[in-house]
Each structure stands twice: as C-alpha cells, then as structure tokens.
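Engineer: With the hints as extra help, turn the sequences into a complete structure.
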Amino acid sequence: MAGVVALLLVMASPDAARQYDGPLEVAAPEPTSQPRPAPIPAEPPRDEAPARTPFNPRIPSIDVGRGAVMQPWVRNTLYTEWYRENYNTEDSDDDFVSLVNRLNFGQTTRTRRASIGTQFRVDSQNIWFTEDRGCSEADGTCVPVQSDARLERATVRVDTQHLGATAGDFNVNMGRGLGLSVRKIDEIGVDATIKGGRVDLKTTPVRATAIAGFANRQNSDFATRQLIPDPGYPAQSYTFSQDANDAGCNVDDALDPDTGNPLWTVCSDFVAGGRIESTLPGRIDAGLNYVYLDFGDEITAGVVDEYLHQFGADVGRARVAGVWDTFVGGSVVMRNPNLAGTEFAAQGYNGYGLYTSNTFYAGTTTVLVEAKHYRDYLMAVGQNALLQYTENPTLEREDQQVPGNLGATGGRLRVDHTWRARGLTVFGNTLAYAYAQNERQDPFQLHDSEGLIATHNFAGIIYRKPESDFVAQVSAGYRHERWLREPVEGEGTLRRRFPHAEFYFTIPLGRTRDLVHALALRGEGRWENFVTVGNREDFFRGLFTVGYSVSPWFSLTYLQGFDTELPTPRGEPSLTEEECSGGLGSTCRPHLWPGVQAQVNLWGSSFLRVFAGRQVGGRVCVNGSCRTLPDFEGVRSEFVLSF
Amino acid sequence: MNGRASLLLAALLCGCATSGTARSGLDFSLPDLRGSIVTPAAQSSARVFVVAFWATWCQPCQQELAKMNAMYADLKPRGLEVYAVSIDGPDTAAQVGPWVEREGYAFPVLLDRETQVLTRFNPRGDLPYYVVMDATGKVLREHQGYMTGDMDDLASFLDGVLPTE
Chain A
1 MAGVVALLLV MASPDAARQY DGPLEVAAPE PTSQPRPAPI PAEPPRDEAP ARTPFNPRIP
61 SIDVGRGAVM QPWVRNTLYT EWYRENYNTE DSDDDFVSLV NRLNFGQTTR TRRASIGTQF
121 RVDSQNIWFT EDRGCSEADG TCVPVQSDAR LERATVRVDT QHLGATAGDF NVNMGRGLGL
181 SVRKIDEIGV DATIKGGRVD LKTTPVRATA IAGFANRQNS DFATRQLIPD PGYPAQSYTF
241 SQDANDAGCN VDDALDPDTG NPLWTVCSDF VAGGRIESTL PGRIDAGLNY VYLDFGDEIT
301 AGVVDEYLHQ FGADVGRARV AGVWDTFVGG SVVMRNPNLA GTEFAAQGYN GYGLYTSNTF
361 YAGTTTVLVE AKHYRDYLMA VGQNALLQYT ENPTLEREDQ QVPGNLGATG GRLRVDHTWR
421 ARGLTVFGNT LAYAYAQNER QDPFQLHDSE GLIATHNFAG IIYRKPESDF VAQVSAGYRH
481 ERWLREPVEG EGTLRRRFPH AEFYFTIPLG RTRDLVHALA LRGEGRWENF VTVGNREDFF
541 RGLFTVGYSV SPWFSLTYLQ GFDTELPTPR GEPSLTEEEC SGGLGSTCRP HLWPGVQAQV
601 NLWGSSFLRV FAGRQVGGRV CVNGSCRTLP DFEGVRSEFV LSF
Chain B
1 MNGRASLLLA ALLCGCATSG TARSGLDFSL PDLRGSIVTP AAQSSARVFV VAFWATWCQP
61 CQQELAKMNA MYADLKPRGL EVYAVSIDGP DTAAQVGPWV EREGYAFPVL LDRETQVLTR
121 FNPRGDLPYY VVMDATGKVL REHQGYMTGD MDDLASFLDG VLPTE
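Top line first, the protein sequences correspond to chains A and B.
When the first sequence is numbered by my numbering, its final residue is 643 and no position is left out of the sequence of numbers.
When the second sequence is numbered by my numbering, its final residue is 165 and no position is left out of the sequence of numbers.
Hints in this document: simulated from the structure, not taken from any laboratory.
One should not assume that every hint holds.
[To be verified] Listed next, with one range per pair, are the computed distances between beta-carbon atoms:
no., chain 1, residue 1, chain 2, residue 2, range
1, B, A42, A, N358, 23 to 33 Å
2, A, P281, B, A42, 15 to 25 Å
3, A, G140, B, S36, 16 to 26 Å
4, A, L509, B, T164, 28 to 38 Å
5, B, T164, A, W128, 54 to 64 Å
6, B, A70, A, A501, 23 to 33 Å
7, A, W527, B, A42, 45 to 55 Å
8, B, A106, A, Q226, 40 to 50 Å
9, A, Y548, B, A106, 28 to 38 Å
10, A, V97, B, A106, 48 to 58 Å
11, B, S36, A, G363, 20 to 30 Å
12, A, F554, B, D74, 26 to 36 Å
13, B, S156, A, F311, 46 to 56 Å
14, A, D442, B, A70, 45 to 55 Å
[Unchecked claim] DSSO-like mimics (lysine-lysine), calculated; alpha carbons at most 30 Å apart, straight line:
no., chain 1, residue 1, chain 2, residue 2
15, B, K67, A, K465
16, B, K76, A, K202
17, A, K465, B, K76
All figures in this text were calculated on a predicted structure; none of them were measured in a lab.
For every residue, glycine included, the Cβ atom is placed at its ideal position computed from N, Cα and C.
Structural biologist: Here is the structure:
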C-alpha cells in the first residue's frame, strides 16, 4: 500500500520522488520466524542503524504463501511521433503521426528452490497520415505503414540452481557468435528471439543448452514504423512437413496473412540445436554446438525444402602462464545436402568459419590479436536477410560499416596502455582483411574482380582526470578499401577511403545543492571518397553534439549532423556547389541535420525524452544514453514508465 | 527412466545439491572473465548488490564504472557488492578483458553474451543501466543512462540503505 501511495505522489509531482520519506520496501533483512523465501545472509547482522527509507517506485511484492514471494513489474514505453520525412525515394511512408506503445509486464516469483518468471510484451501502433498517401493499398503501391497490435513476446521461465527451463521467447548465443546467435542487439536494430522451448543444465563440470522454436523478430520496425514479417514467414514448407497446410502455415486462414498471427509466432524459420561445454583439466574451456535451421523462405519454393546443419567447436583458456587469454573457434555449415546431384545442386554447398582471439597482458599494457577466415559462412537464407542467425566477429569497430563478412580473411592488432595514476590511456589499432561482397565468391579469385581488401588504422587517447568527472577522448584514423584485381583503365583500384576523427569531452561545471551541472561535447566526422562504376563521390559526414545536464534530473542537447553526399534540396543551405536536379532520396538529401533533445528523469529508470529536428542514422550516444537511430525528420517523444 | 536417473533429475529440479537457494533477482548465473560461473545469490556476506550493465563501446558506461569502482572501495566494507555485467557481443567481446585489466576494476565482471539477464531487468536494453538489490534480491532502485553526478546520487542512496560501520 505504501508503494501505491508513493507512486501516486510521484505521478502528481516528479519532485515527490525525492521528498517521499514514508515506509517502503526496505533493504534491511528483518528477523522472522516464518519460512523465508530467501536466506538471511550467513554473516551475523552488523550494527544496523535504521536505514534511511528512500523512495522505491516498484510495485510491492506479494506473499503468495508457502514462503513464496511474487514481485510484479511493469515497464511501458510510449512513443508519440511525427514522421515528417525520411529522405528515401518513397512518399507513401512520409508525413504521418504515430502513437506506439511497448508494454512489458511480468512477475518473478521466488521460492526456496526456484525462481519462476513470466514476461510479456504487447506492441501496438496507431498510424494517422496527415494527407492522402498518393498510393493504392489495393495495388500494393503503399509502403506498409499501418496500425497494428500484437503479443510480441511471451516467456515463462523456471530456474533452479542447476536447471533452467524456458517456454516462449528467449535469446541465444553460442560460440562467440560463430554458432547460433539470436539476441537483442539494440532496441531499434535487430530485436529477435526464438519462440519455443529452451532447457539449460548448469552444473560445474558440464553446462548444456538445448533449444527449439521459430524465429521471432520485432514486427514493428522502429526506423520506419513498417510492419515486417518474421524471418521466413509464411513458410513454404518444412522438412518435417512438406505440406504448408499440415505445418499449420495455411496463411489464408491466419488472422493476419501479411505479417503473421498477432497472438503467436508460427510459420517462420524453424531453429533447433544445442551446445555442451565443459571446463577440462588445466582450466581449458571447450564447447561443441549443433544447429538445424529449416528455412521458411526458399529459393526452390514448392520444389524442395531448404535447410542447413551447422557443427561448431571452440576451445579457450584464460590467463595461460598468467599473461595470455586465448580462444579458437570454428564452425561448418552444410546447406541443403539433399540437393546434391539434383538440378538445384548450386543451392547445396558447404561453408566454414574460423576465428581466434588472443590477448596478452603485461601490467597495464594489453595486446589484442584477432584473426578470421570465413568462406561461404552464411546461416541465413541470404546475406540481406533481416536475421543472420550468426554474428561471426568482424574485427571492426562498433560504428564501422562492414562491407563483407561471409567470405573474408584477415586479422587485427590492438595495443592499449594505461597510466592509472594519471588516468591516461593510449591505444592504437590496425586491421587488414580481404573480402568478397557477395555469396559464393572467393576474395582471392582475382580474375573475376571479386576480391577487395580493407585496411583500417586508428589511434587515440582517453584521459579521465583522477578524482574528477572530467573526461577527454580523442581518436583519429584512416580507412582504405580497394580491389585486389589489376587496375581498370580510367578507374584504378580504389573502392573507398576516408580519414576520420572523433572527440568526446565531459566537463563538470559545478554543484548547486544536490544538483550537478555538466557539459558534454561530442563529435565525429569522416571525409569519404567512394568510387562506383563510372562515378566518384567525395563527401563529408559527421555529427556534433553539445549537451548540458543537471544530474539527476535533466539534460538538454543540441545535435548538428552534416552529410554532403548528395546535393541538398532547393531552399536548403548547401555546403557544396552541386545543385539538386531530381527528387528527394535518390538524388537529393539535406546537408544539415540539426536537432534538439531534452530528457527529464522522473524516478528510477522512468523518463520523458523529446527530440525535434533531423537526425542522421547511426549509433549516437547523447548525455548518457546510446541508441542507434535511423534517418529521421520530425518530432519524437518517448515516455518510459517503470515500476 | 531408471531409479538413478530419476534421483538425478529430482536433485536438479529441486536444486538441493548445495545450500544455495534462489534469491529472486540475484539468482542468475553468468561466466566471469576467467570462465568461472558466478551466481551473485551465492555471495552471502553482502547486504546490498549493484548489478551494472555496460559494454566496451558505451562511453557513458565507462565513466559510470570508473566512478563506481571508486565508490565500491569505500562501501564494500559496509556490505556492498558490485557486479559489472558486460553485454558485449561477438564483435567486441575480445576487448572486455583488456578493458577491465587496464581500468583495474575491483569488482567482478560478468559476461551476458545473450543479453538474457539484461532483458530480465530491463526489457528495453538501454545502456548504461544499473539495478540495486538487497540481500534477498529485492530491487531497491534502478537507473538508466549516465550523467555527470549520477554516481554521487547513487552513493548517497547506498549510504542510506547500507548498515553503518
């Protein structure tokens, strides 16, 4: 009850979160003769002075009997948006207002020996176009931006000390991404799960995982508000059932044949597999995994079923001789072995991936050496599929576009040194790898012009002033990509090159009462030279932000992006002499991308964030929050309530 | 199923092989940098736990953990335990060890490669994000994002909920 009162107080006034001083769900263990759901710490209580009773906006826990306690929780995100323009070539996905809600709720019940968790997520979006879209839904010429509601996630999980079982949605990652990898990478990027069942064995000598289910991707795409079907939906057939009707995939009878049943995930790619790993004598960790993937989308749809087997193994050891961490992993993909000797034999092939990482430690100096060798290493139905099912390491930076990673050979070296007392770190990185851009290509097959080589060198410093919040980070580098083939007359071998530089400063300004004022400056930019057949582009792309924050309540940020790749539309400020002669998207795009963002923290992890303006796509960290944002022009508010 | 197998299954289900029991939010198990499986619930001497989620590519996370490291040294004697949970994916997982070594974190660093634990606490998956729990695993506080000064706020909170020395 106290928690409910507190919640009402806070909803009436954000300041109440700091003023409320009433009773709450207090931390300190209290003596009781009743069976407790969890043990009192073995150590005898210390001198427990009455702890302050800070505000806790959580829903009060519920005693459900037999010593079990249930903790319900709710986390809701409400987006209110005006998508004015996204600068693509389509007009039917512009100028609409959306009200999008992500309701996450669930509970965790703990007993003496188990934890039982349930988690649900209901997605809904309502779309209103401000004008006629200029397209015909009957003819299929409209971009599929439409209202929707669905049960996106549902999970029941039981955990004991040595065994875990999950029914519903779960993430999985095996063997450093070389094996199966289906996980939440970012709220607005790939957000996928497997919907089915999972069992985990968690003993000291052996850990094992077995999974089976259907691929489930977040259907409402944050970047566009389009509704995207799950990978493989609607399945043409499965190995275990060649008839779509038998497999339950008769989409004519489904509730929503376009994007799948809103209540459950069926008829998408089917995934099953497992992993077993153990710590061997000598503290050597070894693992084996197997994955079976049955595609819903098939190149030979209606003729033969397509699927693959993947076998993987890896071994690693931490601190060999106290100074060396090592990991080596490999996997083999056998795609469509049933097609060998048939007219579709080209769809049946094997691929493999090998990866190693080695870290050497010498005091506060570390040396990281990584290498990769991939050939036709593709788990998804195609390299442009929304869900790739693997994350074989690229060796690249997080913010770097990776031109090709299913056929690549190369390595990288990174050296870091830190002077802890001075708060100073310097680092340098060099990488090089040959790669092919498309499937079934060998990067070293020079006569077909398939192979390219990428090199990227960068270095930087990080300074964190001791006993202070002042941080300065500066880095710069140079990336070069070129064809491995002989130069073509008039074109040369250059594919892409750019120098780049980044900086990040956090400057504390002072304190007034309980408030801490600070300034955050961030910038990144690259001068790119990109060559396509018969065309050469030189442009600048960058983002600079200035943020002012008042911890713990408020931040205000100005963002200024630049992109001169295309001529700017008429009426827009231009940074080049080029003139726009066509329509938006394909031939014209603004050069200036200004925006303002404000965030008010309410309590806990509840907050209200509003952005207005333009924002170039890519990873952006603004005053403490990292997100990958799509190209956007309009207004977006995000209201997160957590209790 | 024979009798021996039944006994083994029963032991696994009831989790009664050791004295450890589920403690709500603390009952997750993750590997540390040396490959050992760590279950915070088994840490019986701590009174308050902070589980902080981070990644090597998240600059605000680095600031947060640096400040948390200093705070940890002050408050550990009063019963604070901190677990820094890295959600680095395959591309950056190899950088976690070097990063921790250079920073000299005094608290354990765990690896949540599947983001399973993160999404249990924070379905949105934002970083940085931390959750404060008491010894029974009850959530006392959670926080998303990092602004300069946020660790002062956390230190003040912990000072209030930790027993005095």
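Engineer: List, from low to high, the hint numbers that the structure doesn't satisfy.
Structural biologist: 3
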